[in-house]
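So the protein lines, in turn, are chains A and B.
Its first residue numbered 3, the first sequence is counted upward by one per residue in the numbering used here.
Its first residue numbered 153, the second sequence is counted upward by one per residue in the numbering used here.
Wrong hints could be hidden among the right ones.
For the chain B half of the interface with chain A, some residues (derived, Cβ under 8 Å), not all of them [unchecked claim]:
1) I166
2) R198
3) T200
4) N201
5) R342
6) I346
7) A350
8) A352
9) T353
10) Y358
11) L359
12) D388
Honestly, the hints are just simulated from the structure, not real lab data.
Computed from a predicted structure; not experimentally measured.
Just so it is clear, CB atoms sit at the ideal spot from N, CA and C, and this is done for glycine as well.
The residues making up each chain are set out below.
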Amino acid sequence: MGWDARREGADRRSAAREALFSGSNSFVDAFPELVGARLSDPAVVRARLGALQDRATAREAERQEPLPPLGDPDRLAEAGAIREAMLAAEDRADGYERRLLTGVSAYLQRNPGLTDAALEGLRAPLLEVLGTKPDSTDPAQQAALDAKIAAADADLAALAQLQRAVMLHAVLGRPLPPIDAELNRLEDPVTAPMAAERLRLLRPWLQGEAADRLDSALAAYSSGPALQRAREAREAAAAELAAVSQEPADRSVDQCTAELHREQMALERVEARLAGLPEGSPSRDRVALDRDAQVDRVAAARIRLQRAQGVRDEGIDQATAAADRARKQADEAAASAADDEQRAQARFLSQGADARDRVAEAESRIEQRRVGMRAREEQLAQAESQYRDLLSEIENASPIPGTGPDADGAYQQIRSYRAGLIDGDVARGVGVYQAQERVAELRANHEQEQATIAEGLRVAGNPTLERAARDWRAALDKEMQLAEEEVALAKRERQAVLTSLQAISELRRVLRGYVSWSEREADRRELGSDVGRELALLGPTILARIANRFDELGAVPGRLFRDATLLLDLMWGLFWTIVLLGGWSWARGKSPEIAFRLALQLKRLRPEMRPIDIQRLKAPATDAVRASIDLALGYLMVGRISQLSPEIAFLVETWLLLAIYRALLGLFDLGVVRAPEFRPSLLALAPESYDLLRLTTRVFLVWGIARGFAYYVFWSMLQLDTITGLLMTLFSFIFVGLSIYLLYHWDPILRVRIRARNQESKLVAFLSREVPSPLRPLSAVGLLAFFVLTLGVDFLYVLVARDRTGLARVFNVMARYQMGADADPSVVPIPDEAMEKLCSRDSKPNLYVPRPDVDEALTEAFSGWKKEGRRGMVALVGDRGEGKRTEIGRFLNRCAKEELPTERFRMTTLVSDEKGVLGWVAEVTGAEYSGDAEGLVESLRELPPGVFVLEQAHRCFSRSVGGFGGISAFLYVLNATSDHHFWLVSFHQPAWHYLCAIPSIVDVGVFRSVALLNPFDGPRTREITERRSRYAGLELDYRGLMRANLLGADPEVELERSINAFYRLLAEASEGNPRVALHLFAACLEPGERAGVARVLTRAALRTEVASDLSVDALFTLTALRQQDLMALDDLVEVTNLPVHTVRNTVRDLQSRGLVENANSQVYIPIQKLPMVSRTLRRRHLLHLGA
Amino acid sequence: MEGVDDIQNFIQFINFDGVPFALLILVVGFVGLRVMGSLVDDMGERFTNWRLQLMKGKAVLRFSAYIVMAVLVLTTVLRLENEALMAISGTLAVAIGFAMKDLAASLMAGLILIIDEPFQVGDRIAFDGYYGEVTEIGLRSVRLATLDDNAVTVPNNKFLTDSVASANAGALDAMVVVPFYIGAAEDFQRARRIVAEATATSRYVYLKKPVVTLVTDEFLGERFVTVIKVKAYVFDIRYEKAFVTDVTERVKLSFRRLGIRTPDQQYRDLDLNAREAPTDPV
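Isolated chain A (complex conformation) (with noise of 0.2 Å):
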């Protein structure tokens, strides 16, 4: 299509004339086709003008002409791209043009005696001398002419140079030529005359000394030899005159004529010449003295003529000669004054038309202008919005390779039409810089102008120059208001191309992580020009942004009035800002008084502070507060401020950057402490690595912050992508340099710490091993990575302290590999007395372990029931061995302090019906009972109100057909006596839960309250064995426990670790029962170095084993037998509701697997193996109802 070709002509011609502009290029190259032009004569210029307009309307038509139908849209838009391109290119050369014309028309305006018109007396003769004939054999006359022609070309051709010179020294400030020449040349007296002239009109553009000598140079030729030798000419003419008379009358009459003719030439030739000169010339005198001669020879010649014809009286005829001169001088004076005026009207009517014709122009090229924008406009969100989609479409594109779009390709075009933005004029600013000259340019020609209609108007005075006085101001205030137009839509454009150029960027940025590393190879090689486009266009970006918000903020006042709404946001931003900056400084003032009340906070979690605590806590807690709330309110004064004015939030934003240092660095000084300081702190450390953490601390911070500004003021704000990413990238550099100065400090520091540490590790020994200097950074990545793993375990020794969980779990098998525990050396048991004294049922108040929850609910029951009249009616619910019976007797020794009859019972055997249990209920309280339970009823309400303790009330029923009638008759006589007595009924745990889940067949919800006993965790379960081993006077080592641990430890901290271990294995083993525990315990212990000291092993006892091979019928009796604590034989059958033999034989294999024994044909599960039990039924899914 020759777009290309176009395109590359207009760059060169573009690149010449900027070049011209700069200053490096001559005029020739850069405007060849001006060479020849006439760019002295105003009239030239306004065509080349037009043409210049002529040219710039057809490229906007051609601009909105549609493509070639080329099918493909990828095409489409390429095409679109490189005829754009190509026009925007031509623009481009146009405009240097135009620029260059506008000046030299403004120039010449301002210069109206440079023009050619001006010249034209000066050209005249040249002209004349040029197109004289030769009309002389002579060769001596041939060769004077030839000088002449040569000498009179000569001038021309200086005066033409002079005329540019001067002109391209106005308008693009190049150099003038040397006067030297020139002052040589009026030293000859053929070429002085045009010198003489030619220096006149350089003189007003010389200063200093060039202007010195020129005006000497000038002075000393007007009054030179030419002026003497013309004075003398004069003198001799008249001389002539004078002495025409007494000449002899010898000439003949044709003689005559021919002379009076030549010398009438003569003198309209002076006196042209004289005409031609301009008023101050320094020719004028000396022409003048030429011209008074030529007269003179003119009336001497006409005497000559008049005595040749006849005798004429000599007065008369003088005197007809000065009448018809003067008459002819005051008809010329007159005709010249009348043509001056005329030639005035004239030029005042064309100009004014010139400027209505100007106007007409710039409409239609604002027109124009406002199309192209529009169209423009359209395009960047079209291609926008193409891009955005293809985006998306890679971004929810199938992972499968070849499926979705070229993500590369994509990124080549996005690319590539980012690099056309930044390049364009449009983006440099360009445009709005050469809409911008034309405004100042026009400003400047408007004063001229303006000056030159004030002038008109004095000279004329008529009221048709009135009338086009007053159209020509009118068009140029319109001229100037659609120039400044023209500005208002260039900076429009400028901004759509930036904003799209700000979004193209960001597509490009997301888009880089989805791209082939080819891509990104092709990225860092065009690193240097994409640095070099962001850098070109970060000037003119900075600008713009910087003329915008003038150009905003300029226009609030304005808006103030007309938009109410902007208004309102205004008192409301004022307003906010004001409320945040009295908070900010009101809690500024408040921060010691907070910090104080959060030490305070802090006393109530740890109650061991001491009140010189709070006050050494006082001061870092008030910095950390204050740097917080500094933080906090500026970040909400960002919000406010940032919708109010861009520049402040920048300022506070900054600002905030450092209360985010301070504030982090604030709560550093709070958590960490520098010994010897002492006070409450997450951290003491040595003063050497105090120092060297806050360093650290501040070290990344700083780096952080700074991190993070740059980011906002190169991407965020500037968009400069490119050059974020490289300081991103630099920023990585100095992040793993720093880290490696500072590893190399640390690494003593870490190796100190860890020579502390158990050096029976062979971890530890390496770690802590020298390492040449060059390697301690790498060491002391090893060592931090030490630490943190130490500390992560040890926060998880503390998580795992304190939780139940399966994470509790897994760590007590980890635990029980560590320990041994599996491990079963040989047994050496303690001594039986301090065994049986370790395990026995003494209840003394230094041997109990408090369960507050169990206290609370019997004394909240027990106060209710006597001082309210509410129901008395409380299940205390355990497992054998947890204590039930130690929580009644603490509390009846407290309802023996209320002066209460108290009565204490307990269930022996399994009797289930009803007669039997209500006979026993009426037996123990010593109420009457005749086979009704209403009955029993009224005589236990005649008794006096009392404390009645039921134990081992699961006894009242079997798990058999029929057999909940005495459990359901015992709990209806204790329910409708309540309010009148006080009930406490002790459960087997397991029966109360099968008793809670057949609702419809025994009702346990009448029970007022239940306390139910706990298993005992980790902790607690240590409580009571130290406890009870104390009573039992032994001393426990825990030595024994500790281990070789991989990573090494403080001894004092392993064994505290060892300890909490080995007894949350002990509550695991034991399933929180404490007697269960304690027997355990007892298994654990053998004697000591010493008497009276026992030393705690890790034994088999703390397995957590199950029985294995059991057959399904054992399973079965386990499970009544867990459920009902004790049966005979009998019951059991009718439980299980198996024969009797497969029970007979089923209980003797237990017995002989030690999980049953026998007591007073009773069967019941030994305390040691409960947990087994339990465990080993659980897993069978046959005990689901807790247990």
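Got chain A sorted already, so can you dock chain B onto it with the hints?
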């Protein structure tokens, strides 16, 4: 001739060097699966609570192992380059596709069964007149062990189109419904309490879920009877029938002890009374 050419083409894409390795994969895979199966079964017996989850894991693992083994064997034995796939065309490909159609359908159905879980290994399901425990969900079929200890094999794809009922739907416990019929004139409240107590005291009952008894009057043939239906959960689906037996045994013993008659007994007594009525002096 075309078929012969196709077979020749096919053979040239077999990598005979890979056959030993493929055999090794198959042997190791099957032995590993067998060992894993035994291990899981043993664990399931030891940890009854986790038995069904272990069985489910085993089924998923087996299924995955089959697929992995198939892929490994195929990629080892066949040269499955693009050219090879293009070359295997014509009648041989069609024939193989046809032959494998049902197998592929069953394979996909098995995958769906594993994912959708209408039942899982260890569940008791009723399907197409069979009731039993699911013992395996394989690549091609599901295997059931009926209560009569018959092994029933059902193709996987059958389960995609027909209805299947799972008694426990992945849980170890399962609801069991046992009806008891008594004469309409009997003390049904007492009978209901006996049924409830017999259920709640059974050694097989699962009491984390409720025991419900329902009483209705119905015609049983020509006889008007009272039906006491108990709905309770057995703690392990394997003891379903044992639970029913235990409850029934206890209830019948109690009914007999307390004189609660069945409909037959009651009607027989009523008939006797009717026959003796004419001699009644009243």
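Q.
Run through the hints listed earlier and report the numbers of any the structure violates, in increasing order.
A. 1 and 5
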